[in-house]
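K.L.:
Residue-level listing of the chains:
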Amino acid sequence: DGGITQSPKYLFRKEGQNVTLSCEQNLNHDAMYWYRQDPGQGLRLIYYSQIVNDFQKGDIAEGYSVSREKKESFPLTVTSAQKNPTAFYLCASTIPGYNYGYTFGSGTRLTVV
Amino acid sequence: AQKVTQAQTEISVVEKEDVTLDCVYETRDTTYYLFWYKQPPSGELVFLIRRNSFDEQNEISGRYSWNFQKSTSSFNFTITASQVVDSAVYFCALSGPNDYKLSFGAGTTVTVRA
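Sequences listed follow chains H and B, in order. Be aware that the first sequence starts at 1, since it is given in my numbering, and climbs by one per residue. Be aware that the second sequence starts at 1, since it is given in my numbering, and climbs by one per residue.
Treat the hints with care, since some could be wrong.
[Stated by the list, open to error] Computed Cβ-Cβ distance ranges for the label pairs, DEER-style:
(1) ASN52(B) with LYS14(H): 13 to 23 Å
(2) ALA81(H) with VAL14(B): 22 to 32 Å
(3) SER12(B) with ASP38(H): 16 to 26 Å
(4) LYS57(H) with GLN57(B): 35 to 45 Å
(5) GLN56(H) with LYS70(B): 44 to 54 Å
(6) LYS14(H) with PRO41(B): 21 to 31 Å
[As the list claims (entries may be wrong)] Mimicking BS3-like on lysine-lysine, the simulated pairs with C-alpha atoms at most 27 Å apart in a straight line are:
(7) LYS70(B) with LYS101(B)
(8) LYS16(B) with LYS101(B)
(9) LYS70(B) with LYS57(H)
(10) LYS9(H) with LYS70(B)
(11) LYS101(B) with LYS70(H)
(12) LYS3(B) with LYS38(B)
[Stated by the list, open to error] Rough simulated footprint, nothing fancy, chain B against chain H, three-plus residues with beta-carbon under 8 Å:
(13) 19–27
(14) 70–80
(15) 88–95
Rather than coming from a laboratory, the hints here were simulated on the basis of the structure. Owing to the predicted nature of the structure, the values given are computational and were not obtained by experimental measurement. We put the CB at the ideal spot given by N, CA and C, even for glycine.
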């Protein structure tokens, strides 16, 4: 079955560490997105990519980095510059041009310890 | 700029009651798309409905119904005869005609008690 796989489901980070969240899709979607979810704040866009080797900052990109070397993969790195990284991270994908909405992964819960 | 407001933070009902979730949006685009997603405790967002700005017909899907009113910039969602399995966070979202970024509301947590 086609879908989006996010891993790991739970991730713990020590202060000062960089961590990478994985997002893989087999839907053949061109566009991929990373959202951060905090309680009571809905989803906020971190980064998005509409084609391979290209990506744009979203509303809260500071302290995060991404790459898009393959169509299927859009990993997110949470760097030590992100001062408050504890949150739930959701990856999504879609087909640009049709506005069908997104298909979401099941998310990664990141906790700083 | 696009903005989605879900004024209700939490709603608690007893099973079989109806529940309506409010969604008000702001956009300068004449063509836009509205969505509702459900987020159960597992965390994954599940697509419920998509509506474009030129289609103001209300829609019913089983126990779910949606009321889209451009005059009041609202896209409200009603669950009829609620069930415990309806307990989730529900998000309203908006996108423009060529920009496929979704802007989400803050979400409404619905709790259905048996």
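K.L.:
Tell me if the beta carbons of ASN52(B) and LYS14(H) are separated by a distance inside 13 to 23 Å.
P.N.:
violated (47 Å)
K.L.:
Going straight from one Cα to the other, do LYS3(B) and LYS38(B) come out at no more than 27 Å?
P.N.:
holds (19 Å)
K.L.:
If you check the beta carbons of GLN56(H) and LYS70(B), does the distance land in 44 to 54 Å?
P.N.:
At 30 Å between Cβs, range violated.
K.L.:
Does LYS101(B) lie within 27 Å of LYS16(B) when you go C-alpha to C-alpha?
P.N.:
violated (36 Å)
K.L.:
Hint says 21 to 31 Å; check whether the CB-CB distance for LYS14(H) and PRO41(B) agrees.
P.N.:
holds (28 Å)
K.L.:
Can you confirm whether the C-alpha distance between LYS101(B) and LYS70(H) stays at or below 27 Å?
P.N.:
holds (20 Å)
K.L.:
Would you say the stretch 88–95 of chain H counts as covered by chain B, given the rule of at least 3 residues with C-beta under 8 Å?
P.N.:
Our answer is that it holds, as 4 residues pass the Cβ test (under 8 Å) against chain B, meeting three.
K.L.:
What's the verdict on LYS9(H) and LYS70(B), does the C-alpha distance respect the 27 Å limit or exceed it?
P.N.:
Given pair LYS9(H), LYS70(B) is violated - Cα atoms ~40 Å apart, limit 27 Å.
K.L.:
I want to verify a distance hint. Is the separation of the beta carbons of LYS57(H) and GLN57(B) within 35 to 45 Å?
P.N.:
37 Å Cβ-Cβ, so the 35 to 45 Å window holds.
K.L.:
Between the beta carbons of ALA81(H) and VAL14(B), is the distance compatible with 22 to 32 Å?
P.N.:
Check failed, 47 Å falls outside 22 to 32 Å.
K.L.:
So the hint says 16 to 26 Å: do the beta-carbon atoms of SER12(B) and ASP38(H) match that?
P.N.:
Between SER12(B) and ASP38(H), where Cβ atoms are some 22 Å apart, the hint holds.
K.L.:
The stretch 70–80 of chain H covered by chain B? Criterion: 3 or more residues, Cβ-Cβ distance below 8 Å.
P.N.:
violated (count 0)
Consistency note: the structure conflicts with the earlier hints numbered 1, 2, 5, 8, 9, 10, 13 and 14.
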